[in-house]
Amino acid sequence: MTPDLHAALLIGAQGMGALFIVMIIIMISVFILKKIFDGHKKEGA
Amino acid sequence: MEFLLEGLLAITWKQIVMYAVGVLLIVLAIKKQYEPALLLPMGFGAILVNLPMTGVLNQMIPGSGVTGGIIEWLYTTGLAASEALPLLLFIGIGAMTDFGPLLAQPVLFLFGAAAQLGIFLVIIVAVLLGFPLRDAASIGIIGAADGPTSILVSQVLHSKYVGAIAVAAYSYMALVPVVQPLAIRMVTTKKERMIRMEYNGKDVSKGVRIAFPVVVTIITGLIAPASVALVGFLMFGNLVRECGVLDSLADTARTALTNLITLLLGISVSFSMQAEQFVSTDTLLIMALGLAAFILDSMGGVLFAKFINLFRKKKINPMIGAAGISAFPMSARVVQKMALKEDPSNIILMQAAGANVSGQIASVVAGGLVINLVSKFF
Chain C
1 MTPDLHAALL IGAQGMGALF IVMIIIMISV FILKKIFDGH KKEGA
Chain U
1 MEFLLEGLLA ITWKQIVMYA VGVLLIVLAI KKQYEPALLL PMGFGAILVN
51 LPMTGVLNQM IPGSGVTGGI IEWLYTTGLA ASEALPLLLF IGIGAMTDFG
101 PLLAQPVLFL FGAAAQLGIF LVIIVAVLLG FPLRDAASIG IIGAADGPTS
151 ILVSQVLHSK YVGAIAVAAY SYMALVPVVQ PLAIRMVTTK KERMIRMEYN
201 GKDVSKGVRI AFPVVVTIIT GLIAPASVAL VGFLMFGNLV RECGVLDSLA
251 DTARTALTNL ITLLLGISVS FSMQAEQFVS TDTLLIMALG LAAFILDSMG
301 GVLFAKFINL FRKKKINPMI GAAGISAFPM SARVVQKMAL KEDPSNIILM
351 QAAGANVSGQ IASVVAGGLV INLVSKFF
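Taken in sequence, the protein lines are chains C and U. End of the first sequence sits at 45 in this note's numbering; the numbers just go up one at a time, nothing left out. End of the second sequence sits at 378 in this note's numbering; the numbers just go up one at a time, nothing left out.
Hint data in this document are derived by calculation from the structure and do not stem from the laboratory. Even glycine gets a Cβ: it sits at the ideal position worked out from N, Cα and C. One thing to keep in mind: the hints can contain errors.
Take a look, some chain U residues computed to stay more than 12 Å from chain C by CB distance [to be verified]:
#	residue
1	A183
2	M186
3	L291
Below, computed lysine-lysine pairings styled on DSS-like, alpha-carbon distance capped at 30 Å [said to hold, decoys possible]:
#	chain 1	residue 1	chain 2	residue 2
4	U	K313	C	K35
5	U	K315	C	K35
6	C	K35	U	K191
7	U	K314	C	K35
8	U	K202	U	K191
9	U	K206	C	K35
With the Cβ distance kept under 8 Å, some of the chain U side facing chain C (calculated, not the full set) [said to hold, decoys possible]:
#	residue
10	G7
11	S205
12	G207
13	F212
14	P344
15	I347
16	L373
Throw the hints in and build the complete structure from the sequences for me.
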């Protein structure tokens, strides 16, 4: 296995994993934002 | 009077090929309306930079020394030195984008991530085909279906294929209505394409819309710092749009700024379409790999949706996954059109649009991650 192939495999695995982690964190933060900004509206409604 | 023939006699066969490429891009832009705002300037620029002794590139004039060329200056200043042109374009894209359908259904963020699979698979394939790592990574980013990100990543990584990558990225973005239906059909059944989905997206409050770009910028800045310029400018444009007190600036960003940058970006990129670099078998390989990245992205999104369906009672129409690429709003429209073809009353446009804007965020984050990860190996 060449160094470039080794690096590409690592980039593939780490890149895809990191991308999912970032998007999941953003998703959770949106749920929290909705709770903060919209949560009390539901209770009042 | 021999000097009148100097230019004609200096033409090489590779330059003649580039005139043909330039004319082809112009024809595609005008006749087929394939991303005309980018392909037309690139096509014309391809002709300009390949004229012998062209004045748009720096050249040595005996007796006068080096004279500056405008396209070389635009490329050096706007792309090579600062990546300013693609970054500024993201302000306009942010000002154009309504993240409402995504914020109404945050689970769609996952589809944006899944539909970037092709980027990472093609990086590996490109290395196997003999491309150096920095070029392979730049080629993989074509799969982001996001022209400015492709240009920026290939520029930051100092790839020698910026021109070919830009042409491939914008060509395939224009070909979404042709490429995606084929890719989706390969991995779905008619029954799956007919799945109906309820849209229960409630109105998203102003507070969420304003806080969202700030929070996303901070999160991506902390986790993937290399992507913060891309994401930050996208989100800055979106904040200007959503804040409600800068309507005039938001309007300028999505019209005048975007038009001006687009006009300059295409012709600046043509600097990297000089015949000696562009006319090679590598360019054809890059076009093929870019197409593969695009197809694998679409398939990745669909297969992820099918995987999610294994655990859900209310099934997701897997075509939504393919809309997780960045080509907005074309991809969402293609998915809706396919759904209507199978069942004329099946409306999944809002879910597809949510996945599609998620793809816009995911593609720029992926671009930043690729820059970050590749730089660790040098």
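Against the structure, the hints:
No Cβ of chain C approaches the Cβ of A183(U) within 12 Å, the least distance being about 18 Å, so the stated non-interface status holds. Listed as a non-interface residue, M186(U) keeps its Cβ farther than 12 Å from every Cβ of chain C; the least gap is roughly 21 Å. With a closest Cβ-Cβ approach of about 19 Å to chain C, L291(U) is found to remain outside the 12 Å limit, as its non-interface label requires. For a cut-off of 30 Å, the pair hint linking K313(U) to K35(C) stands: about 25 Å separates their Cα positions.
Under the criterion of a C-alpha separation no larger than 30 Å, the hint pairing K315(U) with K35(C) is consistent with the structure, at around 26 Å. A distance of roughly 36 Å separates the Cα atoms of K35(C) and K191(U); the hinted pair therefore is violated under the 30 Å criterion. Taking the CA atoms of K314(U) and K35(C), the gap is near 24 Å; set against the 30 Å cutoff, the hint holds. With a CA separation close to 28 Å, the supplied pair K202(U) and K191(U) stays within the 30 Å bound.
Simply put, K206(U) and K35(C) have alpha-carbon atoms about 13 Å apart, close enough for the 30 Å limit, and the pair holds. Because the smallest distance between the Cβ of G7(U) and any Cβ of chain C comes to about 42 Å, over 8 Å, the interface hint for this residue is violated. Restraint check, S205(U) versus chain C: the minimum CB separation of about 5 Å is within 8 Å; hint holds. Interface restraint check for G207(U): the shortest CB-CB distance to chain C comes to about 4 Å, inside 8 Å, so the restraint holds.
Checking F212(U) against chain C: minimum C-beta separation of about 7 Å stays under 8 Å; hint holds. Restraint check, P344(U) versus chain C: the minimum CB separation of about 33 Å is more than 8 Å; hint violated. Checking I347(U) against chain C: minimum C-beta separation of about 24 Å lies over 8 Å; hint violated. A distance limit of 8 Å between C-beta atoms decides the matter here; for L373(U) the minimum to chain C is near 5 Å, and the interface restraint holds.
Violated hints, in rising order: 6, 10, 14 and 15; the structure is consistent with all others.
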